[in-house]
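**Q** For reference, the chains in residue letters:
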Amino acid sequence: DTGVSQDPRHKITKRGQNVTFRCDPISEHNRLYWYRQTLGQGPEFLTYFQNEAQLEKSRLLSDRFSAERPKGSFSTLEIQRTEQGDSAMYLCASSSPKAGHITYEQYFGPGTRLTVT
Amino acid sequence: GIQVEQSPPDLILQEGANSTLRCNFSDSVNNLQWFHQNPWGQLINLFYIPSGTKQNGRLSATTVATERYSLLYISSSQTTDSGVYFCAVDPEGGGGADGLTFGKGTHLIIQP
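In order, the protein sequence lines correspond to chains A and B.
If you want this note's numbering, it's the position in the first sequence, counting the first as 1, plus 5.
If you want this note's numbering, it's the position in the second sequence, counting the first as 1, plus 66.
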């Protein structure tokens, strides 16, 4: 098992452009999360998938953001009409049920660092 | 929403020293995790510890769920322990759907 992977690792874009990030979770993990981390802060939750269903979205996820997880495998996060305030590290995590636990340990990918100029 | 406070915010120690990092949370939780974020931004899992005590080498952690705090102990610090340590919780009742709420972290610097 190679862990959670994310692509690209770095992205520089101009304000107003659209960007898309990809996350490949640990195989057979049915839960997938997206987070955003700005400098000096802890990661903040954006959205959550169980299999292919998007079950929760944070208020941080404006209508310029959209996430998908077709077929319950990899996920994409798209940001339309990027703004300088979107500059951050975008982290993906996945988890899998464990017997006897209500919530499950999350494992994070290396992140995609977005810079909007 | 749930509040997570970590202390101290910054800690500078000499190699070989021991340290204790604290995480206070404002409500009951189903999940508590400790992470180490390396200089490249990767979050490395240290402990999944909603309650009780665990040890892994030079690191150990204790969560007292009834008093809403967790402690991370690092013994015989090494320079490679430097980085930011995060505590993150999943509040009770969320079932994981709200994701983890992170504290602001403790920035640890171990000097040779």
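Bear in mind the hints are in silico, worked out from the structure with no lab data behind them.
Hints are not guaranteed to be accurate.
[Claimed, not checked] Distance ranges between label pairs, derived from CB positions:
id	chain 1	residue 1	chain 2	residue 2	range
1	B	92	A	56	27 to 33 Å
2	A	65	B	71	39 to 45 Å
3	B	69	A	44	37 to 43 Å
[Unchecked claim] Under the rule of at most 27 Å between Cα atoms (straight-line distance), these lysine-lysine pairs were calculated in the DSS-like manner:
id	chain 1	residue 1	chain 2	residue 2
4	A	62	B	120
5	B	120	B	170
6	A	19	A	62
7	A	76	A	19
8	A	16	B	120
9	A	76	A	62
We treat Cβ as the ideally placed atom computed from N, Cα and C, and that holds for glycine.
**Q** Take the hints in turn and mark each one as holding or not.
**A** These are the hints, each one checked on the structure:
Taken as a hint, the range 27 to 33 Å holds for the pair residue 92/B and residue 56/A, whose Cβ atoms sit roughly 31 Å apart. Checked against the hint of 39 to 45 Å, the pair residue 65/A and residue 71/B fails, with Cβ atoms roughly 20 Å apart. Checked against the given bound of 37 to 43 Å, the beta carbons of residue 69/B and residue 44/A, roughly 21 Å apart, lie outside it. Under the criterion of a C-alpha separation no larger than 27 Å, the hint pairing residue 62/A with residue 120/B is inconsistent with the structure, at around 33 Å.
The suggested pairing of residue 120/B with residue 170/B holds, with an alpha-carbon distance near 23 Å, which does not exceed 27 Å. Restraint check for residue 19/A and residue 62/A: satisfied, since their Cα atoms lie roughly 26 Å apart, inside the 27 Å limit. With a C-alpha separation of about 31 Å, the suggested pairing of residue 76/A with residue 19/A is violated against the 27 Å cut-off. In summary, the hint linking residue 16/A to residue 120/B is not supported, as the alpha carbons are separated by about 38 Å, beyond the 27 Å threshold.
For the given pair, residue 76/A sits about 19 Å from residue 62/A by alpha-carbon distance, which is consistent with the 27 Å threshold.
Checked against the numbered hints given earlier, the structure breaks hints 2, 3, 4, 7, 8 and satisfies all the rest.
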